[in-house]
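If you're matching positions, the sequence shown starts at -3 in this note's numbering and goes up one per residue.
Rather than coming from a laboratory, the hints here were simulated on the basis of the structure.
None of the hints are false.
Cut-off 30 Å, straight-line C-alpha distance, at most; resulting in silico cross-link-like pairs (DSSO-like, lysine-lysine):
| # | residue 1 | residue 2 |
| --- | --- | --- |
| 1 | K124 | K225 |
| 2 | K136 | K225 |
| 3 | K124 | K136 |
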Amino acid sequence: MRVSTNTLYDQGTKSMLQQQSSLFKLQQQLSSGKRIMTPSDDPIGAARAHELAQSLSLNTQYADNRYRAMDSLQQVDSTLGSVSNVIQSVRTMVVAAGNPAYSDNEQQMMAVELRGHFEHLLGLANTKDEQGNYLFSGFKGNTQPFVEQSAGVVTYQGDSGQRQIQVSGSRQLPVSETGDAVFEPGGQNLFQTVDNFITALKTLGGMSNGAVGNVLQELDTALDNVLTKRAAVGSRLQEIDALQQIGEDTAVQYQQSLSRLQDLDFAQAISDMVRQQALLEAAQKSFTRVSELSLFNVI
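With these hints in hand, go ahead and build the complete structure from the sequences.
Here it is, written out as structure tokens:
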């Protein structure tokens, strides 16, 4: 078989370029620490790695959502705890007001103190979160939920919507409680209950045993409702803790799978690089030797 000089040079150049390309690829892998540099290196592995990266990114977003949900629920829980404390304080005063030994003047002073509790309760009902939205206004985050239209008359301006956050692929968690559900259980307005008690204290002879009993019953109903809502919030916080642990375990699994697909075996890559360098040097030396062969050298 006759081999032309052009063919000899073309084949030699092609061989060296192939060896250089393989060597360059190994250098890139070693510098990046990644086995797959382009999808053509491993089409199936690259597709799987892309899916895992997307899943890991989505899992990270859910984790961020869970932290936001936790912050919101902790604030709701803390506020409900303060509301229950105010109700208990008012209840203690109602029990004390039933003592016939209290003078009219003492009852008037008690009414002033109760007005302070009323204002405190109204302030808690209009609490805002860190983003400036009202906790208990439902979907109307920018609307003040409770407004005192006239002395002692408070109306709800929000709606009955519960704000939710996607905390996993299959779970949207409520992160708020509505004002009507907290402060108006069964249509019984807590503010009206406290105001009626204040009015009775200011009215001479208005604090009968029957009046005290009615107020205590309404306060107990309101307190039980707040405690129930707080228990529900606590249950959601526990659920977030469980989901967070699952999410962290899932993230570790995704990262391990990505590592197996993408990460480079450095020992094998260094060995391949040494071998590739030897092959390139051999190709260069053989090309030099062959290119020097000529009939003129033996004439």
